[in-house]
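> With the hints as extra help, turn the sequences into a complete structure.
As a plain string of letters, each chain reads:
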Amino acid sequence: MTSAVMVEEKVVYERPESLADVATHYCPGCTHGIAHRIVAEVLDELGVRDRTIGVSPVGCAVLAYKYFNTDGAEAAHGRAPAMATGIKRVMPDHVVFTYQGDGDLAAIGIAEIIHAATRGENITTIFVNNAIYGMTGGQMAPTTLIGQETTSSPGGRSQTLTGFPVRMAELMAGITGSAYIARRSLHNVKEINTAKRAIKTAFLAQLNGLGFSMVELLSTCPTNWKVSPAEALAWVESDMVPYYPLGDYKVAEEVKPLMKRR
Amino acid sequence: MREFIDGAEAIVRGALDAGCDFFAGYPITPATPILLHMVRELPKIDGVAIQAEDEIASMGFCIGAAMTGCRVLTATSGPGISLYSENIGLAIMGEVPLVIINVQRMGPSTGGATTTAQGDIQFMRWGMSGGYPVIVLSPTNVLECYSLTRRAFNLAERFRVPVFLATDKETVATRTTVNISAYEQVPVRERTLTAAEAEFIPYHVAQPDEVPPMSPYGGPHVVRFTSSSHNERGYLTKNPADVEGLNRHLVAKIDEHVDEITLVMTDIQPGAETLIVSYGLTARAALEAAELARAAGHAVSTLVIYSLWPVPEAAIRAALDGVRRVLVAELNLGQYRREIERLVRDDQQVIGVHRVDGQLISPHDILQKGELL
Chain A
3 MTSAVMVEEK
13 VVYERPESLA
23 DVATHYCPGC
33 THGIAHRIVA
43 EVLDELGVRD
53 RTIGVSPVGC
63 AVLAYKYFNT
73 DGAEAAHGRA
83 PAMATGIKRV
93 MPDHVVFTYQ
103 GDGDLAAIGI
113 AEIIHAATRG
123 ENITTIFVNN
133 AIYGMTGGQM
143 APTTLIGQET
153 TSSPGGRSQT
163 LTGFPVRMAE
173 LMAGITGSAY
183 IARRSLHNVK
193 EINTAKRAIK
203 TAFLAQLNGL
213 GFSMVELLST
223 CPTNWKVSPA
233 EALAWVESDM
243 VPYYPLGDYK
253 VAEEVKPLMK
263 RR
Chain B
28 MREFIDGAEA
38 IVRGALDAGC
48 DFFAGYPITP
58 ATPILLHMVR
68 ELPKIDGVAI
78 QAEDEIASMG
88 FCIGAAMTGC
98 RVLTATSGPG
108 ISLYSENIGL
118 AIMGEVPLVI
128 INVQRMGPST
138 GGATTTAQGD
148 IQFMRWGMSG
158 GYPVIVLSPT
168 NVLECYSLTR
178 RAFNLAERFR
188 VPVFLATDKE
198 TVATRTTVNI
208 SAYEQVPVRE
218 RTLTAAEAEF
228 IPYHVAQPDE
238 VPPMSPYGGP
248 HVVRFTSSSH
258 NERGYLTKNP
268 ADVEGLNRHL
278 VAKIDEHVDE
288 ITLVMTDIQP
298 GAETLIVSYG
308 LTARAALEAA
318 ELARAAGHAV
328 STLVIYSLWP
338 VPEAAIRAAL
348 DGVRRVLVAE
358 LNLGQYRREI
368 ERLVRDDQQV
378 IGVHRVDGQL
388 ISPHDILQKG
398 ELL
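Listed in order, the protein sequences are those of chains A and B.
Position 12 of the first sequence, counting from 1, maps to 14 under my numbering, and the rest follow consecutively.
Position 308 of the second sequence, counting from 1, maps to 335 under my numbering, and the rest follow consecutively.
Quick caveat, the hints were computed from the structure, so don't treat them as lab data.
Please read these numbers as outputs of a predicted model, since none were measured by experiment.
The beta-carbon is built from N, C-alpha and C at its ideal position, and this holds for glycine as well.
Warning: the hint list may mix true and false statements.
As the list claims (entries may be wrong) - Partial selection, computed: residues in chain B whose CB lies under 7 angstroms from chain A:
(1) VAL66
(2) GLN78
(3) GLU259
(4) LEU263
Claimed, not checked - Residues from chain A that keep clear of chain B, each with C-beta distances beyond 12 angstroms, as calculated:
(5) GLU11
(6) VAL13
(7) ARG17
(8) PRO18
(9) VAL24
(10) HIS79
(11) ILE177
(12) GLU256
Said to hold, decoys possible - To give a feel for the contact side, a few chain B residues facing chain A, derived at Cβ under 8 angstroms:
(13) THR59
(14) LEU62
(15) LEU63
(16) HIS64
(17) ASP81
(18) GLU283
(19) HIS284
This is the structure in structure tokens:
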């Protein structure tokens, strides 16, 4: 007779409650899924899921309102911060965030994001920068690097024709109403963990009523970059990070204690 | 020679053959292929093609370039037309010739980005403050994408007004075999300019329906341009006579020349009691429905309208003559039917054939609604 050995199983990894249990439409190797997950983990850890409203963009994350297990909306292209403002002004006790790509936030929606910050709007923005328009088929984004080939910059982006890639974190850091502005990357586990801490700081800034917060996340688009997922991660590190340095660009005095708390 | 192309390529070819040398736009499904073709093609002929930061800026680029003398094209879809609206109003006010391709998709809002529709028919005409007219042409197939784009450029120059090409996702994105020799060659109408030695009074017209000649920025004259109500010299004014003169002119220059713009195709059958009216993509189903009905022994006439705005009332009335009922087929809930309804006699019945489920209207849909099976 054999004796059964009871091994206690311990859950070490599961779907955050703030992430809906549905398959996403994202391409293989795209880092949107990671971005979604760490945002959801932060919402869980802060215990705010049931009082959070997420506003999605038009772009690849157009269906984010379906993937976050929170109240959600899809705004018109570029206008997520405007819609978020309306929600937050009426419900200041709720947590309101926008989740936007580089076309949505840095091209068509640049006025809305800048004015959300100038108002010190107490919302959080997750800005996914993958240097290309994904959903419409790989056109040049405001964040496309010089020389980067896209369908609308054949032969590579030319600075004389279409100017320079916009550094949003630096731009937003210069705005007085910004409380916390950071840029992180999703190209390896260490950076993902660092990104998650920044996202937590951003939401804590909102929960403490300190003003506008934004975390820019350098992300991949293997499909439209026409490389493998592994090559895409390597390209973020080798080409994007040098132009878009990682770090905290604006930390208001009142935000600093929130970063030490953990 | 035959080739296998889609509507986007035909539009771009038509634009280039019409002398287009400037394009600005913003990526939007299903109009993006036109942007991509122009970004590739225009630099080859020293033209300029720019992807702007949004549609508002795109139309601003276009107006600026048109005022320098360029022949200007842009392309978008419904949500982009929403953002163009402010600057289209500016182009109407400043009498700026330009061509706007509207690759219609299902609305409202983002709607169905890859779903075809004909939902912007009234929006293109009435989507700007003040309600002043534009011209709207609508091709039914790839060949007409070419010829009507060329006509659109000519009409823009003739009337100094924004001209829409109302296409749709299916027409622009579906490849078709076409015979190159079948492209209708439309002579290029050059811009009418004020002679260098003549005095330039930018908005002077002797009669309200006249179109004033232009003078480009950087040319022989000082050129001023305003979004406000202005007198003939282009200066802002509140003088009632000047304001009224301007506003009546903006209407008269189009409305008194509908015959120059009218483009329809009629196929009248003797004794037909039914007329099928259609435009754009849906015309293809309507013409096929008519053939099937005739084969089944029904006398049926057809009217395909290529020039939707201004409404070709005389041509529509002529086609209505003698029929008892009118079938209007369109991928919306009756937008152009309204125009037909105001033109019929009391004893003529108008029946709409409409779909807004994202599917195309089939010949069968028309036959069934018209009890022609």
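> Against this structure, judge whether each hint is valid.
For each hint, the structure was consulted:
1. At about 5 angstroms, the closest approach between the beta carbon of VAL66 (chain B) and any beta carbon in chain A falls short of 7 angstroms, and the interface hint on this residue holds.
2. Interface hint status for GLN78 (chain B): upheld, as the beta-carbon distance to the closest one in chain A is roughly 5 angstroms, under 7 angstroms.
3. The interface hint given for GLU259 (chain B) is violated, since its Cβ lies 36 angstroms from the closest Cβ of chain A, which is over the 7 angstroms cut-off.
4. Because the beta carbon of LEU263 (chain B) sits about 27 angstroms from the nearest beta carbon in chain A, more than 7 angstroms, this interface hint is broken.
5. Residue-level check passed: GLU11 (chain A) sits 45 angstroms from the nearest beta carbon of chain B, beyond 12 angstroms.
6. With a closest Cβ-Cβ approach of about 39 angstroms to chain B, VAL13 (chain A) is found to remain outside the 12 angstroms limit, as its non-interface label requires.
7. Here ARG17 (chain A) stays apart from chain B, with its beta-carbon at least about 28 angstroms from theirs, past the 12 angstroms limit.
8. Every CB of chain B is more than 12 angstroms from the CB of PRO18 (chain A) (nearest about 28 angstroms), matching its label as outside the interface.
9. The beta carbon of VAL24 (chain A) sits about 20 angstroms from the closest Cβ of chain B, which is more than 12 angstroms, so the claim that it is off the interface holds.
10. For HIS79 (chain A), the requirement that its beta carbon stay farther than 12 angstroms from each beta carbon of chain B is not met, with the minimum near 7 angstroms.
11. Distance check on ILE177 (chain A): its Cβ is at least 19 angstroms (rounded) from any Cβ of chain B, clearing the 12 angstroms threshold; non-interface status holds.
12. Every beta carbon of chain B lies more than 12 angstroms from that of GLU256 (chain A), the smallest distance being close to 33 angstroms; the non-interface claim holds.
13. A hinted interface residue such as THR59 (chain B) counts as satisfied when its beta carbon comes closer than 8 angstroms to some beta carbon of chain A; here the least separation is about 5 angstroms, so the hint holds.
14. At about 6 angstroms, the closest approach between the beta carbon of LEU62 (chain B) and any beta carbon in chain A falls short of 8 angstroms, and the interface hint on this residue holds.
15. Checking LEU63 (chain B) against chain A: minimum C-beta separation of about 5 angstroms stays under 8 angstroms; hint holds.
16. Annotation: interface hint on HIS64 (chain B) violated; nearest CB of chain A at approximately 10 angstroms, more than 8 angstroms.
17. Taking 8 angstroms as the C-beta cut-off, the interface hint given for ASP81 (chain B) holds, the closest approach to chain A being about 4 angstroms.
18. With a cut of 8 angstroms, the hint placing GLU283 (chain B) at the interface with chain A is violated, because the nearest CB-to-CB distance is about 39 angstroms.
19. Because the beta carbon of HIS284 (chain B) sits about 37 angstroms from the nearest beta carbon in chain A, more than 8 angstroms, this interface hint is broken.
Going down the numbered hints, you'll see the structure goes against 3, 4, 10, 16, 18 and 19, while the others check out.
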